[in-house]
Amino acid sequence: MLRFVVGPDGEIVPDVAARLPGRGLWLTPRRDIVERATAKRLFARAARRLVTVPPDLADRVEALLARRCGEALGLARRAASAVSGFERVAEAVRRGQAAALLFALDGAETGRRKLGALGRQLPAATVMSAAELGAAFGRDRTVHVAVGPGALCGRLLVDLERLAGFRTAAAVDYGAGSAVAGPQLQDGGVGSHG
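Positions 2 to 195 (our numbering) are the ones given, in order, by the sequence shown.
Everything labelled a hint here was simulated from the structure, so no lab data went into it.
The model shown is predicted, which means the values in this text are computed figures rather than measured ones.
One should not assume that every hint holds.
To be verified - Restraint-style ranges between C-beta atoms, simulated for each label pair:
no., residue 1, residue 2, range
1, Arg-140, Gly-8, 35 to 43 Å
2, Arg-42, Glu-92, 46 to 54 Å
3, Arg-24, Glu-92, 45 to 53 Å
4, Arg-156, Arg-46, 25 to 33 Å
5, Gln-122, Pro-56, 39 to 47 Å
6, Asp-174, Ala-80, 18 to 26 Å
7, Arg-79, Leu-51, 41 to 49 Å
8, Lys-41, Gly-97, 43 to 51 Å
9, Leu-21, Arg-79, 21 to 29 Å
10, Gly-112, Gly-155, 42 to 50 Å
Even for Gly, the Cβ is constructed at its ideal location relative to N, Cα and C.
Required output: the full structure, derived from the provided sequences and hints.
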């Protein structure tokens, strides 16, 4: 789920880290649901007050989630828990050092298919662009990434799943034998929790 709060000025603010103070308004993390909630004024109904919803709310959420995913991937790289490049990713999978595979949305299908077959038991996410993946590694473009096990990998997969709801053709596949369970997303409107 994706949390929103009402800011001091009455504007709806996305809270992708779920840490901002205030009463949370929760939505399924999908572009169409955010746009529908905005169009039907569901935020005001859930908040039980007049609120202002930015017209580009879905785009803001997507940008915040993309930045959060990039930051988590950068942390994993600096902790020596993430590698990039076809050969390094393949080696990490063979050695059992990979807990998740990330592929660029705009990358070639051939490499994705080969690495996906090699690590078919692993979760695989095709959500970020090659430029976004590359930024985490200090490069212009990166197409293939392996992330090692740990809490950071789990957080990254949750955020990638949320980001996938805002991008066409994006997907997170948790693999046949994956020990990582995907988040259970539910369809629905705005809910609130105090």
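Each hint, compared with the structure:
no.: 1; hint: Arg-140 <-> Gly-8: 35 to 43 Å; in the structure: holds, 36 Å
no.: 2; hint: Arg-42 <-> Glu-92: 46 to 54 Å; in the structure: holds, 53 Å
no.: 3; hint: Arg-24 <-> Glu-92: 45 to 53 Å; in the structure: holds, 48 Å
no.: 4; hint: Arg-156 <-> Arg-46: 25 to 33 Å; in the structure: holds, 31 Å
no.: 5; hint: Gln-122 <-> Pro-56: 39 to 47 Å; in the structure: holds, 43 Å
no.: 6; hint: Asp-174 <-> Ala-80: 18 to 26 Å; in the structure: holds, 25 Å
no.: 7; hint: Arg-79 <-> Leu-51: 41 to 49 Å; in the structure: holds, 44 Å
no.: 8; hint: Lys-41 <-> Gly-97: 43 to 51 Å; in the structure: holds, 48 Å
no.: 9; hint: Leu-21 <-> Arg-79: 21 to 29 Å; in the structure: holds, 26 Å
no.: 10; hint: Gly-112 <-> Gly-155: 42 to 50 Å; in the structure: violated, 25 Å
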